[in-house]
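These protein sequence lines map, in sequence, to chains A and B. Be aware that the first sequence starts at 1, since it is given in the working numbering, and climbs by one per residue. Be aware that the second sequence starts at 1, since it is given in the working numbering, and climbs by one per residue.
If you are wondering where the hints come from, they were derived from the structure by calculation, not from laboratory data. Please note: incorrect hints may appear among the correct ones.
Covered, in the sense of this in silico footprint (three residues per stretch, anywhere, with C-beta under 8 Å from a C-beta of chain A), are these stretches of chain B [claimed, not checked]:
| no. | stretch |
| --- | --- |
| 1 | 57-66 |
| 2 | 79-88 |
| 3 | 92-106 |
| 4 | 135-149 |
Cross-link-like lysine-lysine pairs, in silico, DSBU-like; alpha carbons within 30 Å at most [claimed, not checked]:
| no. | chain 1 | residue 1 | chain 2 | residue 2 |
| --- | --- | --- | --- | --- |
| 5 | A | Lys331 | B | Lys264 |
| 6 | A | Lys190 | B | Lys320 |
| 7 | A | Lys304 | B | Lys302 |
| 8 | A | Lys21 | B | Lys302 |
| 9 | A | Lys111 | A | Lys231 |
| 10 | B | Lys319 | A | Lys257 |
| 11 | B | Lys196 | A | Lys340 |
| 12 | A | Lys340 | B | Lys320 |
| 13 | A | Lys43 | B | Lys123 |
| 14 | B | Lys196 | A | Lys333 |
| 15 | A | Lys94 | B | Lys320 |
| 16 | A | Lys333 | B | Lys320 |
| 17 | A | Lys340 | A | Lys8 |
| 18 | A | Lys40 | B | Lys264 |
| 19 | B | Lys123 | A | Lys40 |
| 20 | B | Lys226 | A | Lys340 |
Every residue, glycine too, gets a C-beta built ideally from N, C-alpha and C.
The lines below spell out each chain.
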Amino acid sequence: MLQILNEKGDVKKDLEPKLSKGDLKKLYSFMVTTRVADTKALKLQRQGRMGTFAQSLGHEACQVGSAYALETNDWTVPYFRDLGTYVTLGFPLKYWYLYWMGNEEGMHIPKEFNLFTITVPVGSQLPQAVGLGLAANLKKDRIGILSTFSDEATSTGDFHEALNFAGVYRTPNVFLCYNNQYAISMPRSKQTASKTIAQKATAYGFDGVLVDGNDVLAMYVATQEALNKAKNGDGPTLIEAYTYRRANHTTSDDASKYRPAEEVEAWEKKDPIDRFRIYLKTKGLWNESFEKQVQKDAEEQVEKEVRDAEATPSPPIEDLFSHTYSDIPQKLKEQMDELKAGLNEDDQ
Amino acid sequence: MNGNMVQALNQALEQEMLRDDRVVILGEDVGVDGGVFRVTEGLLQTFGDERVIDTPLAESGIIGAAIGMAVYGLRPIAEIQFMGFVFPGFNQIVSHAARLRNRSRGRFTVPIVIRMPYGAGVKALELHSESTEALFCHIPGLKVVVPSSPFDAKGLLVASIRSGDPVIFLEPKKLYRAGRQDVPDDDYEIPLGTAKVVREGEGLTIICWGAMVPQAQEAAEAVEEKGIFPEIIDLRTLSPLDHETIIQSVQHTGRALIVHEAPKTCGLGAEIAAQINEKALLNLEAPILRITGQDIVVPLPKSENYYYPSPARIVRGIKKTMEF
Ligand SMILES: Cc1ncc(C[n+]2csc(CCOP(=O)(O)OP(=O)(O)O)c2C)c(N)n1
Ligand SMILES: [Mg+2]
């Protein structure tokens, strides 16, 4: 398993990436912002201000470290537990909150982001990510495509079909699996008899690498290598980021039903942010006032995004009908008019 | 037992598993977790992991395996976590479950039940609110069942498990915990293919199923003060349809309103209207009207109410039909 920072924050010098002080501080602040934004979301959900959502607690290093390796033209194909990816891309979190608040305005993806939509059916985004890669190859665009998913996506037929295509056509894909040990209540050991998820790549004819998913440096290095390989025409890579889903599956789930508290506690000790903080400290890049500043900036950013989200009204009725087809067929116009007339009647 | 629909379904599963050791359950999170809606709660503890099987996330795998188990003599009940996730398994349903009887000239049959929570109105995420029952009703060889009460849920599930055909068993998740009812602890079946008049009335028949039944009932109560007393039919089985009950009622009332939460175009309402036209056209005093979901993707929670047929929309449909 590729590990650069161990649980105590000790670094393997020979593997340490050449990142500037600014980069290292950014990695830290992105992880903190992710944690702050995630915690805020949980609070909003509990207060009834947001709907069910999938927490990212514990995934900060695998999300932030990997996304930090992306260049502007690269594409990201996320799944539903990817808050740190959005934070790192600089995506306006307002939209993320709006989406999980159940407001359709949250489905906007500003043009400057090569970012795909959130996919709800597990695994089904992967063949599409390969399609992006096929198209990029055809157009001779030198880009990489990072698609994320968790362990259970590897049980789907779509995973197999996607990786098989990617191997055959040598598409510039990086398949990043957050192996967080669970799929709702299903432990990883019952999802596949493979020893590792990374080893599945062998069958498809490309490399699979196992990485410590709580080590942001290792995640950055592994993803960057894979993206470079993709851009050099050397084909796809499967990365298994070994981590743990510390929260419930979603806010509707109760994980205490299927896993012991001790297991969760053991993983708390491997916290990705704590580990990186120690590293920064030994490098002389961290002190109390830096910490305070990072926290304060994160909280201010998150509060602002939430305020903006809550101040955004749901779209008008026209909007609900206008994204079904390239035009609005007569039948939809009629349904929309009838709905509006009815609502007027109800108001009177 | 006095219980809600989840408890009634759970009791039906438990009793059928006790009665018949060929009955097995498979699906995502159905064992240790007891199902995300707790319908299979406690069954793993009672029957063990050979009969209550937690599977990897793979709908094609789940349904395909259920077919194989059925061919080998078991009576599998597959749970699909949400109707919106059945599509990876659609191939197995359409290409095999529905056809094996025919393809093998009756040698191989597929007595499986595919349970799935369906429907909107619960403020859920994308693909957690679908009602694509018409897709299944369109496939020869499948039976499609939808209960609307705890009592019916138990009796229909028991009949579905005992049926010799693949049954798509749709559970209106909006009604899972909506109300309690006395449910006999005894074994009983509600025969598939029988609709139920849940409200007797005059002048108009409302035809609906699943989560639309209480919506229609609310609408019917609202129009009483206007002297309108609609009859309401809960179809309970969508395929095969109980034509007799529908036609008899419409012949008696002279008007029909169909309510479903699925999109209008090619929804089951179209088929029902066609049946009424074929068999009771001359009894009609007004065109058959449909109050349905819109022909759009079910919106996210904040805008969901624009999609969902509300009692108010049903009331408008009733008035329009009555005033024709
Ligand atoms: C095709 C499909 N089937 C079922 C579901 C319901 N479901 C949502 S998440 C999930 C488990 C996913 O586990 P994993 O892929 O490991 O992601 P994680 O929650 O660990 O991030 C299930 C069964 C779904 N979203 N899609
Ligand atoms: Mg997982």
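Status of the hints after comparison with the structure:
Residues of the stretch 57-66 of chain B lying with their CB closer than 8 Å to a CB of chain A number 4, which satisfies the three-residue condition for coverage. Check result for the stretch 79-88 of chain B against chain A: holds, 4 residues qualifying (beta carbon to beta carbon below 8 Å, three or more required). Look at the stretch 92-106 of chain B against chain A: 0 of its residues bring a Cβ nearer than 8 Å to a Cβ of that chain, fewer than three, so the hint is violated. Look at the stretch 135-149 of chain B against chain A: 0 of its residues bring a Cβ nearer than 8 Å to a Cβ of that chain, fewer than three, so the hint is violated.
Taking the CA atoms of Lys331/A and Lys264/B, the gap is about 10 Å. The hint holds against a cut of 30 Å. Proximity of Lys190/A to Lys320/B is assessed by CA-CA distance (about 56 Å); at most 30 Å being required, the pair is judged violated. With a CA separation close to 21 Å, the supplied pair Lys304/A and Lys302/B stays within the 30 Å bound. About 44 Å separates the Cα atoms of Lys21/A and Lys302/B, which puts this hinted pair outside 30 Å; it is violated.
The suggested pairing of Lys111/A with Lys231/A holds, with an alpha-carbon distance near 22 Å, which does not exceed 30 Å. A threshold of 30 Å between alpha carbons decides the hint, and for Lys319/B with Lys257/A the separation of about 50 Å lies outside it, so the pair is violated. For the hint linking Lys196/B to Lys340/A, the alpha-carbon distance of about 34 Å lies beyond 30 Å, and the restraint is violated. At roughly 16 Å between alpha-carbon atoms, Lys340/A and Lys320/B fall within 30 Å of each other, so this suggested pair holds.
Taking the CA atoms of Lys43/A and Lys123/B, the gap is about 18 Å. The hint holds against a cut of 30 Å. For the suggested pair Lys196/B and Lys333/A, the alpha carbons sit about 35 Å apart, so the restraint of at most 30 Å is broken. For a cut-off of 30 Å, the pair hint linking Lys94/A to Lys320/B is broken: about 43 Å separates their Cα positions. Of the pairs offered as hints, the one joining Lys333/A and Lys320/B holds, with about 19 Å between alpha carbons and a cut-off of 30 Å not exceeded.
Proposed proximity of Lys340/A and Lys8/A is contradicted: the alpha carbons are some 61 Å apart, above 30 Å. As the CA atoms of Lys40/A and Lys264/B are separated by approximately 40 Å, the hinted pair breaks the 30 Å bound. A distance of roughly 20 Å separates the Cα atoms of Lys123/B and Lys40/A; the hinted pair therefore holds under the 30 Å criterion. Our distance criterion of 30 Å between C-alpha atoms is met by Lys226/B and Lys340/A, whose separation comes to about 24 Å.
Violated hints, in rising order: 3, 4, 6, 8, 10, 11, 14, 15, 17, 18; the structure is consistent with all others.
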